[in-house]
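Chains as they are written, first to last, in our numbering: chain A, 1 to 94; chain B, 1 to 94; chain C, 1 to 94; chain D, 1 to 94; chain E, 1 to 94; chain F, 1 to 94; chain G, 1 to 94.
Don't read these hints as lab results, they were simulated from the structure. Do not rely on the hints blindly, as some may be mistaken.
To be verified - Derived DSS-like pairs (lysine-lysine); straight-line CA-CA distance at most 30 angstroms:
hint : chain 1 : residue 1 : chain 2 : residue 2
1    : F       : 12        : G       : 63
2    : F       : 75        : F       : 63
3    : B       : 12        : A       : 75
4    : A       : 12        : E       : 63
5    : B       : 12        : C       : 3
6    : F       : 63        : D       : 3
7    : E       : 3         : G       : 3
Said to hold, decoys possible - Okay, the calculated beta carbon distance ranges per label pair:
hint : chain 1 : residue 1 : chain 2 : residue 2 : range
8    : B       : 61        : D       : 63        : 55 to 63 angstroms
9    : B       : 1         : D       : 80        : 16 to 24 angstroms
10   : B       : 59        : D       : 61        : 49 to 57 angstroms
Remember, it's a predicted structure, so these values are computed and weren't measured experimentally. Cβ coordinates follow ideal geometry from the N, Cα and C atoms, glycine included.
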Amino acid sequence: MIKPLGDRVVVKALPQEEKTKSGIVLPDTAKEKPQQGEVVAVGPGRLLENGQRAALDLKAGDKVFFSKYAGNEVKLDEEEYLILREMDILAVIE
Amino acid sequence: MIKPLGDRVVVKALPQEEKTKSGIVLPDTAKEKPQQGEVVAVGPGRLLENGQRAALDLKAGDKVFFSKYAGNEVKLDEEEYLILREMDILAVIE
Amino acid sequence: MIKPLGDRVVVKALPQEEKTKSGIVLPDTAKEKPQQGEVVAVGPGRLLENGQRAALDLKAGDKVFFSKYAGNEVKLDEEEYLILREMDILAVIE
Amino acid sequence: MIKPLGDRVVVKALPQEEKTKSGIVLPDTAKEKPQQGEVVAVGPGRLLENGQRAALDLKAGDKVFFSKYAGNEVKLDEEEYLILREMDILAVIE
Amino acid sequence: MIKPLGDRVVVKALPQEEKTKSGIVLPDTAKEKPQQGEVVAVGPGRLLENGQRAALDLKAGDKVFFSKYAGNEVKLDEEEYLILREMDILAVIE
Amino acid sequence: MIKPLGDRVVVKALPQEEKTKSGIVLPDTAKEKPQQGEVVAVGPGRLLENGQRAALDLKAGDKVFFSKYAGNEVKLDEEEYLILREMDILAVIE
Amino acid sequence: MIKPLGDRVVVKALPQEEKTKSGIVLPDTAKEKPQQGEVVAVGPGRLLENGQRAALDLKAGDKVFFSKYAGNEVKLDEEEYLILREMDILAVIE
Chain A
1 MIKPLGDRVV VKALPQEEKT KSGIVLPDTA KEKPQQGEVV AVGPGRLLEN GQRAALDLKA
61 GDKVFFSKYA GNEVKLDEEE YLILREMDIL AVIE
Chain B
1 MIKPLGDRVV VKALPQEEKT KSGIVLPDTA KEKPQQGEVV AVGPGRLLEN GQRAALDLKA
61 GDKVFFSKYA GNEVKLDEEE YLILREMDIL AVIE
Chain C
1 MIKPLGDRVV VKALPQEEKT KSGIVLPDTA KEKPQQGEVV AVGPGRLLEN GQRAALDLKA
61 GDKVFFSKYA GNEVKLDEEE YLILREMDIL AVIE
Chain D
1 MIKPLGDRVV VKALPQEEKT KSGIVLPDTA KEKPQQGEVV AVGPGRLLEN GQRAALDLKA
61 GDKVFFSKYA GNEVKLDEEE YLILREMDIL AVIE
Chain E
1 MIKPLGDRVV VKALPQEEKT KSGIVLPDTA KEKPQQGEVV AVGPGRLLEN GQRAALDLKA
61 GDKVFFSKYA GNEVKLDEEE YLILREMDIL AVIE
Chain F
1 MIKPLGDRVV VKALPQEEKT KSGIVLPDTA KEKPQQGEVV AVGPGRLLEN GQRAALDLKA
61 GDKVFFSKYA GNEVKLDEEE YLILREMDIL AVIE
Chain G
1 MIKPLGDRVV VKALPQEEKT KSGIVLPDTA KEKPQQGEVV AVGPGRLLEN GQRAALDLKA
61 GDKVFFSKYA GNEVKLDEEE YLILREMDIL AVIE
């Protein structure tokens, strides 16, 4: 298991749709769009200057949009994960 | 539904007028001007260094001017939205 | 009506004198000088790290000098306005 | 009258000596040196993060050294003034 | 023994797998991925603006992912170590 | 007299040794080294975000090392002085 | 004696090993590694925004690793010293 530190989040990226529903192959630029993924683990949050921890507004299982090209790819037991910062997560998809 | 995080805002961009009222085709530079859109959802606000949340001065339904080229485009159920930061929203149109 | 957010200010720019009082055409560099304008509306002010709002030192009707090229031009009901930040306003002309 | 905002200061620049006392024409580089001027008006001071105003250590009438090329030139009733920030003022000449 | 200062951490880098389990030689780009290592010693933590020490969320013996190319290599008694900052450590591997 | 503002310091630079004690002419790079000088006057100190003044750790008469090329040269009554910031002063020579 | 200011530290750099124990001449890149030195004097520490001094975690006599190329070289009574900032000191060697 990967336990992220500070305001980091571990995300499993969802495969990107290569085609639209009507079968048109998506140009690369379309893949520039933020990606979707699922939160696997969240860190304890950033430490504020008053010593308080700022808990993250996210939990394991949340489906999210995150900025493309952000974070670090890691591999554990043949599985690929992304370690992102909270600010790279744009929104939760409910 | 898209639930933005922190000080982010989800906006539905309004189509840009291509012509002036008297029918003159707007040059591209005119389209450089800030865009108009409608707020769809707002985040809980930025976390201040004293641990307090700074609620946003915006609510769903507000018509706004926002900086051109700011934010990330996302697509959900075939609808396009923009995820912006509070600082990208210039003013509310009342 | 345009309601600016945070520490923003809506200003109506005054036309720039093209000539000096004695009729000499002003070179462009002269137009580099800060512009004059009238404040139309002010935002609630910047949020400080202690959660307090810092009210602006400006009110509608103030005649001001502001940095050239600052802010965003917007158009509403065929009228052009500038949305500036407080720090772009240099001084009030009394 | 020009009322500067925040930590700004209005200064009337003193003409720069073109020659040394013994009549030698000063090279341009010498004119790189900080300029001298007289304070005409001071702003209320910068707003600190605790909401307190930091009054300026300057008053109208002070003769000062200020960084060359800093600030904005403005013209009012045919008089030229410089609007500077407190940090551009190096020292008071007593 | 090396006692790191502030928010620094001493890490013993683990050798990088040159090949996948099925024997394929890993391209260099794969080695761009964050590295793994073991924490040897941790500093007392960063000093916050309120004078409080922010203890690190790490302890000697933790296996971690850390950003590639971060930190300084040092050598003591023929052993190579890396001195990293807390923010270079992405996550703990449990 | 020159009264420096904020965290500034007025220093009289000491002439740089052109030769070593044994008469070897110092190369320019040697003159890159921090300069020595004497403190003439000190400002009231930087204003902290809590409104308190941070008095300087220096007083008139202190002999100091300061970073080369830092600060502004000013001339008053034919005397040359340097107006430096506290952070440009490296150490006091006792 | 040199009394460093703020969060500065005076260090006497230890000569760098030119060769490995088995006599191999070290390439320059090896000399890129952090250097070792001994602390001669420490400043009172950085001033925090709450007005408190943050004493340094170092004392005269400590053997340390410090970042190569950091700080300023000074010469006093024919002895060469380095004036560094606390953040340039990586760790204490115990």
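Hints, one by one, checked against the model:
no. : hint                             : in the structure
1   : F:12 to G:63                     : violated (36 angstroms)
2   : F:75 to F:63                     : holds (21 angstroms)
3   : B:12 to A:75                     : violated (37 angstroms)
4   : A:12 to E:63                     : holds (21 angstroms)
5   : B:12 to C:3                      : holds (19 angstroms)
6   : F:63 to D:3                      : violated (42 angstroms)
7   : E:3 to G:3                       : holds (25 angstroms)
8   : B:61 to D:63: 55 to 63 angstroms : holds (57 angstroms)
9   : B:1 to D:80: 16 to 24 angstroms  : violated (58 angstroms)
10  : B:59 to D:61: 49 to 57 angstroms : holds (50 angstroms)
Consistency with the previously given hints fails for numbers 1, 3, 6 and 9, ordered from lowest to highest.
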